[in-house]
Amino acid sequence: MIGSILIANRGEIAVRVVRACKDLGIRAVVAYSQADADTLAVKLADEAVCIGPAPTQESYLNSKNIIVAACLKRCDAIHPGVGFLSENAAFAKAVEDAGLIFIGPKSETIALLGNKVEARKAALAAGLPITPGSKEAIADLADGKRNASQIGYPIILKASSGGGGRGMRIVRKESELEAALALARKEAKLFFGDDAVHMERFLEQPRHLEIQLLSDGKGTVLHLGERDCSVQKNHQKLLEESPSPILSESLRNAMCEDSVRLFQELGYRGAGTVEYLVEGSSYYFMEVNARLQVEHPVSELVSRFDLVRAQIEIAQGKSLSLSQKDVQLSGYALECRINGLSAGRIEKFVMPSGPHVRVDTYLEAGSVLSPYYDSLIAKIIIWAPSREQGLSVMQRALAEVEIEGVKTNLEEQKLLIACRPFSSGRFGTDLYAKVCDQEKKHA
Amino acid sequence: MIGSILIANRGEIAVRVVRACKDLGIRAVVAYSQADADTLAVKLADEAVCIGPAPTQESYLNSKNIIVAACLKRCDAIHPGVGFLSENAAFAKAVEDAGLIFIGPKSETIALLGNKVEARKAALAAGLPITPGSKEAIADLADGKRNASQIGYPIILKASSGGGGRGMRIVRKESELEAALALARKEAKLFFGDDAVHMERFLEQPRHLEIQLLSDGKGTVLHLGERDCSVQKNHQKLLEESPSPILSESLRNAMCEDSVRLFQELGYRGAGTVEYLVEGSSYYFMEVNARLQVEHPVSELVSRFDLVRAQIEIAQGKSLSLSQKDVQLSGYALECRINGLSAGRIEKFVMPSGPHVRVDTYLEAGSVLSPYYDSLIAKIIIWAPSREQGLSVMQRALAEVEIEGVKTNLEEQKLLIACRPFSSGRFGTDLYAKVCDQEKKHA
Amino acid sequence: MDTLNLEQVLSLFDNSTLSELELSCPTYTLKLKRSSTEQNQARPSAPVAKVATAPEKPAKAEEKTEIITSPIVGTFYLTPAPDAPPYVRVGSTVQAKDVLCTIEAMKLMNQLEADYACEIVEILAKPESMVEFGQPLFKVKRI
Amino acid sequence: MDTLNLEQVLSLFDNSTLSELELSCPTYTLKLKRSSTEQNQARPSAPVAKVATAPEKPAKAEEKTEIITSPIVGTFYLTPAPDAPPYVRVGSTVQAKDVLCTIEAMKLMNQLEADYACEIVEILAKPESMVEFGQPLFKVKRI
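Residue numbers (our numbering), protein chains in the order written: chain D, 1 to 443; chain B, 444 to 886; chain L, 887 to 1029; chain S, 1030 to 1172.
Simulated from the structure, these hints should not be mistaken for lab results. Just so we're clear, the structure is a prediction, and the values are computed from it rather than from any experiment. All C-beta atoms in this analysis are idealised placements derived from N, C-alpha and C, irrespective of residue type, glycine included. Keep in mind that the hints are not guaranteed to be accurate.
Said to hold, decoys possible - Pairwise CB distance ranges (calculated):
#1 D:Asp326 / S:Pro1165: 48 to 58 Å
#2 B:Gln707 / D:Arg426: 43 to 53 Å
#3 D:Arg420 / B:Asp769: 27 to 37 Å
#4 B:His885 / S:Pro1165: 32 to 42 Å
#5 D:Arg172 / B:Asp769: 49 to 59 Å
#6 B:His885 / D:Gln264: 52 to 62 Å
#7 L:Met995 / B:Asp637: 29 to 39 Å
#8 S:Val1150 / D:Gln57: 24 to 34 Å
#9 S:Glu1142 / D:Glu176: 15 to 25 Å
#10 S:Val1150 / B:Leu858: 42 to 52 Å
#11 L:Met995 / D:Arg420: 29 to 39 Å
#12 B:Glu845 / D:Glu249: 26 to 36 Å
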């Protein structure tokens, strides 16, 4: 049994994990940087340990201080939250080696899925459709040309150890390949310390969908349906919804079944997500996020599962006692991320409340939005019986928000929720550019 | 179709109705007293009309100003909220006569149910068990003695036009009857302008349960299960939960079926509640609340129905398209009322948020808790898969509350949620006295 | 300035246009602040230096006016009938119990009477428009 | 400007378009602020007057101490081994690079060295207890 958890994260996600600990009667110890001493996670936690100065490299990425803090605070487990060390196989291994429970997949699973080439191989082996592309890292230009002509242009070069849009290059014809390959290698080396790149078919207008899974590592894998995360700005998700307005029942079933099978073959343990690109009636495996995701509340509201609670219970060795037919997905959920566009002291902070609305945040009036970390201010998540009602509820909720002292994307989000393409459900990943950049031009 | 609603209420319930209007795309006009000019309902509404000074008699009970405001603001309907004019048949009639829609039952239904003797007759006629008692008002002392000996002591005398604990007298033996009857008549006359009293068996340790119903007035009546409201202080509800921890499946079914039948016989239109006293495996009809109730979110969380939205849709003449089997009651919900114990400016106001928690309030830091109106500050409502988990979640939520500037019952509510009798589910309506008054003695 | 000459500092502050002044030394901390209402008022000339100032004009006694507000919700009319002349105009003087206007509510014309004799200084509500409870209708001066 | 001529500063400020002014010297700290409404108005120059100030007394030099904090999370030890004498005691003086304590983290004994020669004024952490990043360990005085 887990009696105490060290939470190696910050912001709203640290608060989320603290709340799950409280609900389970588990002592929550928050590891924080000096910049975060006054934040809500520290305030709500049973105990807190300062693990370093503001820069993430010396605090939230400082494995050693985090593990020592967990040991000296007599914690049984570490919850890595999202981002930071949550998908770092070496950290997971070090946590295990220190005799602690890592709340997440086994370190081997993280290591395998962290390598894009290996992950694609695993997906292929499990029978998942992948975008046509090189299975292996590109050896040289000749190899690249051969692969590209098989796949068909446009192709995209990706860092094999990468993620988050870095080290990616789109190549539309063979004459551009040499320069692009050199550049992609250079960036891959720079950002991820590994210059291996592979090649995939580039989809011009795909939707980003992901399947949420829960797996006990003992043979039971459940899916909680999909999240449609197609509204993005520079590869950062802005709005996430479930169910997707464009997914047919047969496509949904196929994607969910594929995802469950992949997790079964991986012997996956914990919560995780399989990401897909969908174009027309085809879908392609993209990657596995071997951790909790920022947008997890969307799935919590349609399934009424508590994903963080489930993560902790699975880490305790509890088997999932339910089967897929016990998972009732009902209604519609939508998450809107309110991001800061500037750092500073928040003078006024009014969040919506009342029926159908959930707010996950760590800020209040007087808090400082730190320049050191990501700019997520709050997640506003709504549930309604239908998408149409849900969009109304979200508009009502956003209208209640008041944030003064820092600039935010609130007005942009209001525009997106209210725009015709979004309400119709027919839009691509360029929606933000079309709606918000247009607006700026007119302003 | 209703395009605009005048909301003739204040506080959190006015905010609740404003939000439902926004969700439905209906223009919300709030009628407010001078004391409430700066409250959230006024701020969130599309428009607002001042209908009188602070005293309720001249504002929230001023039918004429309210109806004129609705007409001049071109509203189609009036939502009376809870309390105030919500169960006033003459008001409902005046609204109808002014050509407006009253969002609630027909005025005749309200008139019938507002008379306790008539309501008991209707319940009897529909085959509901009622506490043994006089069907008619007590004629004189001899009639009282005859009735009391048939019923068996202890008995309780109640004002036939009354409610809310006023004009009630418990009589434990015949020798006390004469004095008690005179006093009860005097109080009934004083409070309700009608000295008619009737007599019922007095139950020493009953539970207060109520069945939530939705009826379209066209033959379809749905129930959303029960709420257990047994934790009270001076007849004021403090905690409400669903499902009840003491109700057997067979008793629940019988109570729900009886309630549905009663509403069918009444031709009831709108949302309403049938209240029962439960002792052992017996239940007795008490009264019908022909309106929305403060604790309605409890049923909203277990059923995922939006009761205020449903009220408005029914008032528009929409039929309920669902049948009882489509109503899925799942998990557990609990509401905790945070009440002010003093009036004044609220200096600090932090409400809980995050997973499983809903907050309905109308206050924020800097607001004034008015001495003119009831003291409800906020309703904190949680949902969890089970009662055990729910109590944990509520404790976590209450621990996040910070209110400075006015005294509240927060600490008492924390005591109640955490106490052994409440978590066991085995307690009576004297729980508050046992737990909180005890605590005060020790303090 | 080791010895704080408070009088002098106050005098300097008074003659300046500052709204705040903070001064610290190892011995003293001094904070001066002028409220926003006061800083706009004329201040008596400082004793430090001779300043030629015109004698202060006596404050012109402001004419006291009062506001008559609507006692109900309804539609505001200045005339008893569409073509009739108004009950009052700006500049009219009325006696107590004289009718000022009618406010229609539920088809009833409610006549609003003056509580005291007064002159109508300004009509504040728009004729034939809705008025709320407490809404200002007339600015008047008692006579 | 060792002797603060307050009058002159105020006069300069008054005639400037500044809204705030802060001035510090070893002896004084001065803050001036002008509210936004007035700062745009034309002001007459302040009347000049002679201010007599006493010669400044030298500020008494406070003993400057510094805090050495923990650079890592770990367990704080004052001795290299259980029975060994402590690296330092209150009153000890150490040279740069001298060891002050060890902090154990993951079975590794990390020796914390002094950055500069100093005297130990106070030991702030409890031996054999956990210390966080940034936690004060020693109060020292440079020598």
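Each hint tested on the structure:
1. At roughly 54 Å, the beta-carbon separation of Asp326 of chain D and Pro1165 of chain S lies within the given 48 to 58 Å, and the hint holds.
2. The supplied range of 43 to 53 Å is met by Gln707 of chain B and Arg426 of chain D, whose beta-carbon atoms lie about 45 Å from each other.
3. Range check, Arg420 of chain D to Asp769 of chain B: Cβ separation about 32 Å, and the 27 to 37 Å hint holds.
4. A beta carbon spacing of about 41 Å between His885 of chain B and Pro1165 of chain S agrees with the range 32 to 42 Å that was offered as a hint.
5. Look at Arg172 of chain D against Asp769 of chain B: about 52 Å separates their beta carbons, and that is inside 49 to 59 Å.
6. The hinted window of 52 to 62 Å between His885 of chain B and Gln264 of chain D holds, with their beta carbons roughly 57 Å apart.
7. Roughly 35 Å separates the CB atoms of Met995 of chain L and Asp637 of chain B, a value that falls within the hinted 29 to 39 Å.
8. Evaluation of the 24 to 34 Å hint for Val1150 of chain S and Gln57 of chain D yields a pass: the beta carbon distance comes to about 33 Å.
9. One distance hint, 15 to 25 Å for the beta-carbon pair Glu1142 of chain S and Glu176 of chain D, is violated here, with the actual separation near 55 Å.
10. For the pair Val1150 of chain S and Leu858 of chain B, the supplied restraint of 42 to 52 Å holds, since their beta-carbon distance comes to about 48 Å.
11. Taking 29 to 39 Å as the suggested C-beta distance range, the pair Met995 of chain L and Arg420 of chain D does not conform, at roughly 50 Å.
12. At about 47 Å, the beta-carbon gap between Glu845 of chain B and Glu249 of chain D misses the expected band of 26 to 36 Å.
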